[in-house]
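A.B. asks: Position chain U relative to chain P; hints supplied.
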Amino acid sequence: MGDALKGGTASRRTLLSGVIAAAGLVAGQFVGLRSSRAGRITIRPPGALPEKDFLSRCTRCYQCGDICPNGAITFLPPKEGLAEAFTPVIEPRTQGCTACMKCTQVCPTGALQPVDPNPETVPGTIKMGMARLNKEMCYSWEEPARTCGVCYRACPFPGKAMTISLFERPTVNHELCIGCGLCEQSCIHLPQAIRILPVDRSQT
Amino acid sequence: MSRPGRGRWFQVFRKTIQLLSVSFVAYAAISMHWRNYKLAHNQERLVTLMTNEVWGTLYTLNERMLALFGEPHAVSDGFLGGPWAAHVAGVAFVDPLNVGAILASGEIPPWAALIGALIPLVLAVFLGKVFCSFLCPGRLLFEVANGFRFLLVRAGIPVASVSIPRVGLGVAVGSVAFAAAAGAGLFHFVLPYLAVSATIHHAILGGAVGGIAAWTLGLFLFDALIAPGQFCRSVCPTGALLELVGQRPALAIATDGTDCPPSCTLCQRACPYGLFVGRGDHQPACDSCGRCTTVCPERKVSHHIQVPLRKSRLPILMVLVAMSLPTAALAHHNKGLPHYGYFENYPQVPTDEYVQISGRWEAGATVFNFQGLQRASSETPHDVRIFAYLYDLEDDHGYEGPLTLTVMRKDEVVRVLNRIEPDEEAVYVARVEMPKSGDYTLIFEFELDGEKQRTTLPFEVDLAVDRVNWLVVGGLVTTVGMVFILALGNKRRRHAPRAPAAA
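These protein sequence lines are chains P and U, in that order. Take the first sequence: its position 188, counted from the start at 1, is 201 in our numbering, and no numbers get skipped. Take the second sequence: its position 58, counted from the start at 1, is 71 in our numbering, and no numbers get skipped.
Careful: at least some of the hints might be erroneous.
No more than 20 Å apart at the CA atoms, straight line, and that leaves these computed lysine to aspartate or glutamate pairs for EDC-like [unchecked claim]:
#1 P:Lys-92 with U:Glu-473
#2 P:Lys-173 with P:Glu-155
#3 U:Lys-465 with U:Glu-392
#4 P:Lys-148 with U:Asp-436
#5 P:Lys-140 with P:Glu-64
#6 P:Lys-148 with U:Glu-438
#7 P:Lys-148 with U:Glu-437
#8 P:Lys-148 with U:Asp-405
#9 P:Lys-148 with U:Asp-408
#10 P:Lys-92 with U:Asp-452
#11 P:Lys-65 with U:Glu-120
#12 P:Lys-148 with U:Glu-120
#13 P:Lys-148 with U:Asp-409
#14 P:Lys-92 with U:Glu-366
#15 P:Lys-92 with U:Asp-475
#16 P:Lys-140 with P:Glu-188
#17 P:Lys-148 with U:Glu-434
#18 P:Lys-92 with U:Glu-438
#19 P:Lys-148 with U:Glu-413
Note that these hints are calculated values from the structure, not bench results.
For reference, chain P alone in the conformation it holds in the complex (with noise of 0.2 Å):
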């Protein structure tokens, strides 16, 4: 087939293509044992595996961001890191999960886990991350309160994933948190008194 076409004899091109392929294969490796993004957060969305498998599994083709009905869903930048390049993430600044579950139906790959949407089950089921309230700069928390109580209004899981007790001051309840976001998003301090922290996915 090849005689025709330009671009080199057939030994040439077997040993440029093996050259290519041996490469791929070494800078797969140098690339996959460091991760550029330590230190900082990544909420993955929910279901989603432990980070290492997830990174093998996931196959960058933005369906679960594309099914999001919150549009919490976006994507790494390859300046993150080629490991992590394209990958989704949720910004719980941005927009925090609504716990709809779609996107780990449709993920073709199970990067993402299928989940029960049933909100009795979610909690306690899965772990995007933890919310970590800091009393120190929470209204509601202050000496004297300023009621706030945003936080636990839009907590998806109110009384179970969160309660609140005099002048609405918030106590996460790390059993139940899923780490949707919903509170830090809302959080009207600023920097977030409320905020996700990532949980250790390396084993779960």
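C.D. replies: Chain U only, in chain P's frame:
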């Protein structure tokens, strides 16, 4: 000399499918907004109030269209993704290369993904590389590039014609090996169709579009100025894979078997890959696009196809507009968030927020690049405000003691600020004149139980964020101009063979 024939309709068909393929990607991404409106407003009047009449009308149109097939929201959920991995009418497709990479990494993808990967391969066995000629948005990009190249040649601008060795299978093996170890991100850079659809997705879903759009533009210029058709022919791993599978496709282009004049190379020059149908050795690299059939003066090549140039302008427009949208969208908002009813950009809600966790300490800061209304007329245009905090993750409370904040630009100290206590509840506020845009580091130094503590937080400052981006303006003007030039320059091209490469 070329007369309209059956082939012309084949070409119209091909262009329509190409257009549909790109439209699908854009539609899949825009549907995210539709779902959002459906969830938030659920009626045209509210969508119109919240956005404008155009969106309101489109919202209803889309809903009525979807309603023909069932419950609109459920039907809409069946159309996602792009040529790399998609849901079409609820059926999942995945690129075989990606499934290969997942298998190579030792994971077993769901059976639906395995079947989805087999469909394109089975298609290639019967129809050859029809994916390339019909569905690949990258090919569409290169066809536009080819038209652009033609104009350059006509204008007397020299363009190169470099030949690349055919290393597609090597690239396929290499990128699969890479992806098995380091994820599928690399495929964006070796598959033009993924680059194009990622650009569209990032643009519409509101991601950082710069890097991948630049790469797409680079591919366009590479094809137009340096090596026409070479990326598809020699580098693309999917092309190589489909070629390997589709050695004897049912759909093919061939001559009628009679001898050609020995010196005629018109069909070879018309072929985007430089294949020579007249000599009969174009298989299996040929993808049956049919461009060669338009130039044969004796109509020896089957599928006598005339390139409907007028119709081809529409997909060109689509791709170019899709490519220029992101920059325009990014230029509109100061910091990526809507400006809640303000008629000018007003940085009320900052998105420049940085958090870094190192060991026990979570250091964070909200950075206003400029806090005021008019940077241009301000006496302190480089006035950056930093609202920093520290959180003790071990003792679970915000730090409120004495703190030394140092703003560093590489190794140079920009400013040192000493605070005995927070300026407001657990927040340390600093106002710093920044010398220039770029990467900075904020160093937190404080004492805890007599021990010195130190933690750092990298952040960025962009002092030019609200300036007119002439690159964007230039890009838009060039894009629109190019469409006009292509449309005008098309009349004469109808009967002209493909531009020969300038030596």
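A.B. asks: All hints are to be evaluated individually against the structure, with a verdict given for each.
C.D. replies: Results for each hint:
1. P:Lys-92 with U:Glu-473: 14 Å, holds
2. P:Lys-173 with P:Glu-155: Violated - the C-alpha atoms of Glu-155 of chain P and Lys-173 of chain P are around 23 Å apart, more than 20 Å.
3. U:Lys-465 with U:Glu-392: Judged against 20 Å, a Cα distance of about 38 Å means the pair is violated.
4. P:Lys-148 with U:Asp-436: 16 Å, holds
5. P:Lys-140 with P:Glu-64: 13 Å, holds
6. P:Lys-148 with U:Glu-438: Answer holds: Lys-148 of chain P to Glu-438 of chain U is near 10 Å, not above 20 Å.
7. P:Lys-148 with U:Glu-437: Roughly 13 Å separates the two Cα atoms, so the pair holds.
8. P:Lys-148 with U:Asp-405: Roughly 12 Å between the alpha carbons, so the hint for Lys-148 of chain P and Asp-405 of chain U holds.
9. P:Lys-148 with U:Asp-408: 12 Å, holds
10. P:Lys-92 with U:Asp-452: 14 Å, holds
11. P:Lys-65 with U:Glu-120: Within the cut-off at roughly 11 Å; holds.
12. P:Lys-148 with U:Glu-120: 43 Å, violated
13. P:Lys-148 with U:Asp-409: 9 Å, holds
14. P:Lys-92 with U:Glu-366: 18 Å, holds
15. P:Lys-92 with U:Asp-475: Within the cut-off at roughly 17 Å; holds.
16. P:Lys-140 with P:Glu-188: 9 Å, holds
17. P:Lys-148 with U:Glu-434: 16 Å, holds
18. P:Lys-92 with U:Glu-438: This hinted pair is violated, its Cα atoms lying about 35 Å apart.
19. P:Lys-148 with U:Glu-413: The hint holds at about 11 Å.
Hints 2, 3, 12, 18, counting from the list given before, are not met by this structure.
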